[in-house]
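The lines below spell out each chain.
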Amino acid sequence: MSEHELRVAKIRDGTVIDHVTGGQALNVLSILGIDGSAGLSVSVGMNVPSDRLGRKDVVKVENRELSQSEVDVISLIAPEATINIIREFEVVQKNRVDRPETVVGLLSCPNHNCITNGNEPVKTNFTVVDEGVRCTYCGTIIRDALADHIEPTR
Amino acid sequence: MRQDHLITATQLSRADIEAVLDRAAEIDDDPAAWSERYGRAVLALCFFEPSTRTKMSFDTAIKRLGGTTTDMGTVESSSVKKGESLADTVRVVEGYADAIVLRHPSEGAAKMAAEFVDVPVINAGDGAGQHPSQTLLDLYTIRENVGLDGLSIGIMGDLKYGRTVHSLADALTNFDARQHFISPESLRLPRNVRFDLHQAGAQVREHTALESVLPELDVLYVTRIQRERFPDETEYQKVAGQYQIDLETLSAASDDLTVMHPLPRVDEIAPDVDGTPYAAYFEQSHNGVPVRMALLDYLLSNVEVGQ
Ligand SMILES: Nc1ncnc2c1ncn2[C@@H]1O[C@H](COP(=O)(O)OP(=O)(O)OP(=O)(O)O)[C@@H](O)[C@H]1O
Ligand SMILES: [Mg+2]
Ligand SMILES: [Zn+2]
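For the record, the sequence lines run as chains A and B.
Per this note's numbering, the very first residue in the first sequence carries number 1; after that it's consecutive.
Per this note's numbering, the very first residue in the second sequence carries number 1; after that it's consecutive.
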């Protein structure tokens, strides 16, 4: 590391989401429900040079692990992402994300008239299709800006 | 494939459809033979939105199979008014009935209901979603009149909110049918239905006017354009008028054209069409009973009735 680079302190325990598609870091944070208010220590690199991707984003979150459904949605906006679990400053586990077949309970359906937006004891459920994701209840397709549809009530 | 519920038309294969239509034809030939088939069956009618024909024809269908109905009544008179969830309502009703017919204003309601109960659920309309039992009687009518293969059909009117249209379009992908959709731009087929049709490799064309396509149609399926879809009365009058037909309009059509409508109609089809060989909409509506008897048989034949 040269002296021209700014060094962010290493995290002891937490998660590094690396190789995020350039420009998607803030969407990754919104998938994780992180807006800074909970006091988690978070660092974000945007459009940093990457051998593999040209430019990539990196998100580092201290004391936080990711749920499967969070990883699933991240995979949809950042298909090349790797999830690194850090314990005692070391990478103890590294996983590539997989495009899931379904996303359960994380996105809300943009169709206000969908039964999942009523007061029913049911989780949202989206199938991953070529064009995006599709509500299994009402059929509505979300094509882009997936992160805008993260359920606010999580 | 054996089906436990009827939620959307997309779940139906050609074999499923043909099984129900063949059974409906059998029933139509000799209804008396079926009059005690389901003597212990109770069919729950849960209509969260008003209905006349769908509800009455299910009521008649189960009675002609020897069964009875239990009716939730209107939303105003029920516990729904007190804020009960649909999931709770159907779990209670399941204890009273062998199958549930559900109409609800929210898309996906029937699918969700089916996840909470073990008895068959029949979607009798979920918001602007689907209405697959209507589709079965539509297909029956088409089959009786012109046949389901080598078909050229025009589907006209409110294609955006028309649930009978969505189910019919999905089901027709099982057959060799060319589908023409005729509507104002603002009421064209929703993206998710176009997606289904595309996935199924259907032959589909969209039009904003009937004239150019009318001569090549075997079937013209007319639906109602509702006033409330338009911001003001004049806009509605202007647009809706272009999608109404009378005998004069049909002079450009094939003599063998079959005109259908899920009913109720208001002014989409002028009364002068009624007595002509074109008109199949009353026959279509009458077919609701044998087809729904066949559908009930299809769903109840693999469950233990009266438990
Ligand atoms: N303790 C830590 N605190 C903060 N970031 C860390 C820590 N340990 C590793 N990282 C970051 O996690 C990511 C993965 O670390 P690793 O050491 O596996 O790098 P790598 O060999 O380049 O991995 P890859 O092959 O996935 O690119 C890198 O972005 C690295 O900077
Ligand atoms: Mg690296
Ligand atoms: Zn939905």
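Hints were generated in silico from the structure; no laboratory data involved.
Don't take each hint at face value.
[Stated by the list, open to error] Listed next, the in silico DMTMM-like pairs over lysine to aspartate or glutamate satisfying Cα-Cα at most 25 Å (straight line):
hint, chain 1, residue 1, chain 2, residue 2
1, B, Lys160, A, Glu131
2, B, Lys238, B, Glu283
3, A, Lys123, B, Glu185
4, A, Lys123, B, Glu84
5, B, Lys63, B, Asp29
Computed from a prediction, not measured in an experiment: that's the story for all the values here.
Structure-based check of each hint:
1. Lys160(B) / Glu131(A): Within the cut-off at roughly 20 Å; holds.
2. Lys238(B) / Glu283(B): violated (31 Å)
3. Lys123(A) / Glu185(B): It is violated: about 34 Å lies between the C-alpha atoms, which goes past 25 Å.
4. Lys123(A) / Glu84(B): holds (18 Å)
5. Lys63(B) / Asp29(B): Holds - the C-alpha atoms of Asp29(B) and Lys63(B) are around 17 Å apart, at most 25 Å.
Checked against the numbered hints above, the structure violates hints 2, 3; every other hint is satisfied.
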